[in-house]
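Asks: Listed here are the chains, written in short residue letters.
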Amino acid sequence: MIRKLFKFHGGVHPEPHKSESATAAIRPAPMPSELVVPLRQSTRAAARCIVEVGQHVLKGQRIGEAEGKLGTAVHAPTSGEVIAIGDHPMAHPSGLTAPAVHIRPDGLDQWIDLTPFDYDANDRISMLANLRDAGIVGMGGAAFPSHIKLGTGIGIETLVINGAECEPWITCDDRLMRERGNAVIDGAAILAEVIGARRVLIGIEDNKPEAVESMRKAVAEARPALPMDVIAVPSLYPAGGEKQLIRVLTGIEIPHGKLGGEFGVQCFNTGTAHAVHRAVRFGEPLVSRIVTLTGNADTPGNYEVLVGTPIQHLLPLMGPRPDTDRFLLGGPMMGFALTDLSVPIVKGSNCIIAASPTLFPPPPAELPCIRCGECARACPAELQPFELYWFSRSRNFGKAQEYHLFDCIECGCCSYVCPSHIPLVDYYRFAKSEIWARERESAAADQARDRFEFRNYRQEREKTEKAAKLAAKAAETKAKLAETEGVDNKVQVADGSEDPKKALIAAALARAKQQKAAIKPANTDNLPPEAEAEIAEIEARRQKALGGSEPKPLGVLTTDNNGGEDKQS
Amino acid sequence: MIHSPYVRKPASVRAVMGQVLLALLPGVAIYAWIVGAGILVNLAIATVVALAAEAFVLRLRKRPLAPALGDLSAVVTAWLVVLCFPLIVPWWVTTIGVLVAIVAVKHLYGGLGQNPFNPAMVAYCCIIIAYPSLMAQWPPAGELDFQTQLNLIMGGAREIDAVTGATALDAMRTGLRVGEANVAVILEQNAFGAIGGRGYEWIPLGYIIGGLFLLARGIITWHMPVAFISALAAISGALWLVNPDQFASPLFHLATGGAMLAAFFIITDPVSGATTPLGKIIFAAGIGILAYLIRSFGAFPEGIAFAVLLMNMCVPLIDLKTQPAVFGQKRSRVP
Amino acid sequence: MLTALLVMAGIAVVLGAALGYASIRFKVEGDPLVDKIDAILPQTQCGQCGYPGCKPYAQAIANGEADINQCPPGGEEGIRHLADLLGREFKPLSEEHGIEKPKSVAFIDEQTCIGCTLCIQACPVDAIVGAAKQMHTVVEPLCTGCELCLAPCPVDCITMEPVVETVETWKWKYPVIEIRQTA
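Line order of the protein sequences matches chains A, B and C. Quick note, the first sequence lines up with residues 1 to 569 if you use UniProt numbering. Quick note, the second sequence lines up with residues 1 to 335 if you use UniProt numbering. Quick note, the third sequence lines up with residues 1 to 183 if you use UniProt numbering.
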């Protein structure tokens, strides 16, 4: 059957460079001497650490608990000892650090007890929780939590499995589909069932005929309950972009800011399908992935790498040639140059490319934009990139947003074709992060304004309340005074307006005195001896801290009052 | 620090401009063959002046010379200026024209990519206003030998009324303005060939060949040539059908003057033109209609230059109002 | 002559009435200028400008009592925005009001804090929690870095810590244009 495929606007044909790494089978990467597992697997969310330094962990044991809406769990990739928990450079273009768990492998690679997940005996909610706790995220690069994408399980007609792998050089999905097609198909079937899809479309770029063949064979063997089609799509970067692939296969265009679910279609990467298969059928959490090692190297190939393996440990496997000047993480179109080679592999790392000046020459000098429109013809988001460039360059961010800056997927097609060699995407990244920063700032300013105004209002209110209280008290005292004086000396009340005031002040003074006397001992009264000792200790420490500069470990001290607006006592 | 993408298509401004020059060659060759080889002398003068002016201004602006000189954009401008001028304008007219285009129109507005107006067209307008008589002397095709052409270009005495004449457009306009003659009678004059100016009518063929080359190479898109030619043909055709005695045929309008040069080389200048697909169509169609109106009812025989400048002014508005829908904004459901 | 006068007078009356009606019908509540200025100010509420908070300073600018260069936390960018809004010339930050510093938040050394609540009372945005004789602590996301808590502290246990960049707040830099001198 010849299926009707759709086109997306633009796209480019960079040199594929797939053959370098696609020929050899997937091999396991050797165990490094130390694994650094970032608790923050993407910029979106960080897991909460649940292990301690010195603790022995087993392979697959949870070391980070999912936290927040977009959180997923993180697991120990092998058995061994936690030797440190601290900041470590992250797989991010900034090269900034994030908290990570350092594990020294014990060499046994001993799994925890694994129990397959029985979907028939459980419901959707527990299935999603299971996937979250197995740490399943999108393995195409974005590392978006899969259980969020699986959503409500209502209204999804089509499940798209993304095996397009359109970026040059990367072949990890290609090898995965060739070698473990059955597992990918099984994972796809599980995903389809959980999401309630009625058909599965598996899109693979037509430059991977072996993968298409292998997947077709796997589908034939699996005899899935619902129609599954393996479709070769034309090789055109970025056909592997989620929205682009959905467009090609189904004709549906998902606008910016919308999720596929609203349009009855959802998309998962082949690697994700494979991870789901392992998690459900074997109970294995996501602790390893396939990474392509390629580029300016003697022995490029694909390796099964434990999450947390420092990249420098992997480099000898591909044998970078002497003129290699930097390493790229991800593909050449959207990846970034690593600033630090101790950065660990995370769940979204698909490829490491050894780069040399001959393979990836520095761009020629930037020339002025001549508005030739080449970028607009290449843009898969159908933007006018040169307009965005003018606005971003002049920091006219409002205008840039009007021209749909945030629809830009940063695929790099515009920079790729620009005859003036302008780093267009850099300008969009700059503008986007600048806009985000401003939004954060203005949100903080609004919050500060609100809190300031509320505080002023509260102080005003307290003042009036106090005045009212005083007035009430005064009236009361006056009445009392009148009563008592009525008995003692009726004459004075009748004509003396001075004396009640004096009496009031005197009464207040007396009351204050009494209160002081009552309060002072109140705090130390009825205290157990331990508490008294503690108070003495604190006093001593305070004295010491005030006097000497001796450094002290920070004690964990809590305040008992940390909520609500009225924090003042 | 260099960020992704780390690979680039081997494209450059130089390659784009080089291909535009290449595409001009068929037209230039026919020009030189049929009308006179003097055009080559003018092209050479203009090229030298353009590069010298570019280098001078870049030096003044303290910008690196090599990338800007090497991108060939100044040469394209210079050639377009020359191809709009009569064959035998003196060298200093060519020089002034090129200087206006490069110094005033391009660099005073900030250099390549910044000029809101088409440099060649501003140069044409300036010169035709400043030296209307020199700009009216078009030698009949093949009637001046190369020596005479060279002599005239080098500033020789211009007692040549006997050998130069008006262009076909000029003759048509003057003829119709006199009011007694009709189109058919005028077309029998010496200045006219089968469809346009005698001899000159073949040059557009060369431009069409070059234009098709540019289209095939993806340097220009179909929008502008198609919209311009259609608009010019439509408005001239409509009036011609109403009164064929008083209005020349669409074919005449397309084959004379700079219509084909404009269609493929002048209005397609990306810097000063509209950029969105719909905007390009509006822009080019506007030029076609304005050019016809100026030709038929205005003070100048050729109206394309003024039409281009008028439409250049409208470009920001056209672009603003014709922004295409982005991905997902027009067909969000299954089509 | 008389007709002309009558016509002109008629037009004057009609237009006057229309303008008068419009000024009532489309009357703007409050002073939008103050709000616009206030929106530019950083809301640090530090009082370095000499006014008790950002809103009063905005009011003062709108009334022409204060200059636009008295806000150190807003910095040069803030002055530029104010200059744009008010159509005035940009001028550098006035030194008597302070200098522009990197954004910081207050940090209370809990070993030293005696729980006097003075900082709590000083904080303009209620970003410090704690009670009398109890440890105080700064709620970091709420702190504007105004430094108003530093002075009242009797034991000098509050320090200003610069805000560190994280992957969430990290920004892509403006692309550097290399003009390679090949000539």
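One or more of the hints may lead you astray.
To be verified - Below, computed lysine-lysine pairings styled on DSS-like, alpha-carbon distance capped at 27 Å:
{"#": "1", "chain 1": "B", "residue 1": "Lys330", "chain 2": "A", "residue 2": "Lys258"}
{"#": "2", "chain 1": "B", "residue 1": "Lys62", "chain 2": "A", "residue 2": "Lys432"}
{"#": "3", "chain 1": "C", "residue 1": "Lys133", "chain 2": "C", "residue 2": "Lys173"}
Said to hold, decoys possible - Rough simulated footprint, nothing fancy, chain A against chain C, three-plus residues with beta-carbon under 8 Å:
{"#": "4", "region": "41-55"}
{"#": "5", "region": "72-78"}
{"#": "6", "region": "124-134"}
Stated by the list, open to error - Restraint-style ranges between C-beta atoms, simulated for each label pair:
{"#": "7", "chain 1": "C", "residue 1": "Ala12", "chain 2": "B", "residue 2": "Leu278", "range": "55 to 61 Å"}
{"#": "8", "chain 1": "C", "residue 1": "Lys36", "chain 2": "B", "residue 2": "Leu310", "range": "17 to 23 Å"}
{"#": "9", "chain 1": "A", "residue 1": "Arg438", "chain 2": "C", "residue 2": "Lys133", "range": "40 to 46 Å"}
{"#": "10", "chain 1": "C", "residue 1": "Ser94", "chain 2": "A", "residue 2": "Gly68", "range": "42 to 48 Å"}
{"#": "11", "chain 1": "C", "residue 1": "Thr169", "chain 2": "B", "residue 2": "Leu278", "range": "48 to 54 Å"}
{"#": "12", "chain 1": "A", "residue 1": "Pro30", "chain 2": "B", "residue 2": "Met1", "range": "46 to 52 Å"}
{"#": "13", "chain 1": "B", "residue 1": "Gly298", "chain 2": "A", "residue 2": "Arg440", "range": "56 to 62 Å"}
{"#": "14", "chain 1": "B", "residue 1": "Arg61", "chain 2": "A", "residue 2": "Arg440", "range": "48 to 54 Å"}
{"#": "15", "chain 1": "C", "residue 1": "Val163", "chain 2": "A", "residue 2": "Pro362", "range": "56 to 62 Å"}
These aren't lab readings, by the way, just hints derived from the structure by calculation. Cβ atoms here follow ideal geometry from the backbone N, Cα and C, with glycine treated the same way.
Asks: With a Cβ-Cβ cutoff of 8 Å, does the region 41-55 of chain C contain at least three residues near chain A?
Replies: holds (count 8)
Asks: Between threonine 169 of chain C and leucine 278 of chain B, does the C-beta distance stay in 48 to 54 Å?
Replies: violated (41 Å)
Asks: Should the hint that proline 30 of chain A and methionine 1 of chain B are 46 to 52 Å apart at their CB atoms be regarded as holding?
Replies: violated (32 Å)
Asks: Quick one: are lysine 36 of chain C and leucine 310 of chain B within 17 to 23 Å, going by C-beta?
Replies: violated (39 Å)
Asks: With 48 to 54 Å as the target window, see if arginine 61 of chain B and arginine 440 of chain A comply at their CB atoms.
Replies: Check failed, 39 Å falls outside 48 to 54 Å.
Asks: Confirm or reject the coverage of the region 124-134 of chain C by chain A under the rule of 3 or more residues with a beta carbon closer than 8 Å to the chain's beta carbons.
Replies: With 11 residues close enough to chain A, the hint holds.
Asks: If you draw a straight line from the CA of lysine 330 of chain B to the CA of lysine 258 of chain A, is it 27 Å or shorter?
Replies: holds (14 Å)
Asks: Is it true that serine 94 of chain C and glycine 68 of chain A lie within 42 to 48 Å of each other by Cβ?
Replies: holds (44 Å)
Asks: That 55 to 61 Å hint for alanine 12 of chain C and leucine 278 of chain B (C-beta), does it hold up?
Replies: This hint is violated: roughly 47 Å between Cβ atoms.
Asks: Count residues of the region 72-78 of chain C with a Cβ under 8 Å from any Cβ of chain A, then say if the count reaches three.
Replies: violated (count 0)
Asks: Does 40 to 46 Å hold as the CB distance between arginine 438 of chain A and lysine 133 of chain C, or does it fail?
Replies: holds (42 Å)
Asks: Do glycine 298 of chain B and arginine 440 of chain A keep their Cβ atoms within the hinted range of 56 to 62 Å?
Replies: 58 Å Cβ-Cβ, so the 56 to 62 Å window holds.
In terms of the numbered hints stated before, the structure departs from hints 2, 3, 5, 7, 8, 11, 12, 14 and 15, listed from lowest to highest.
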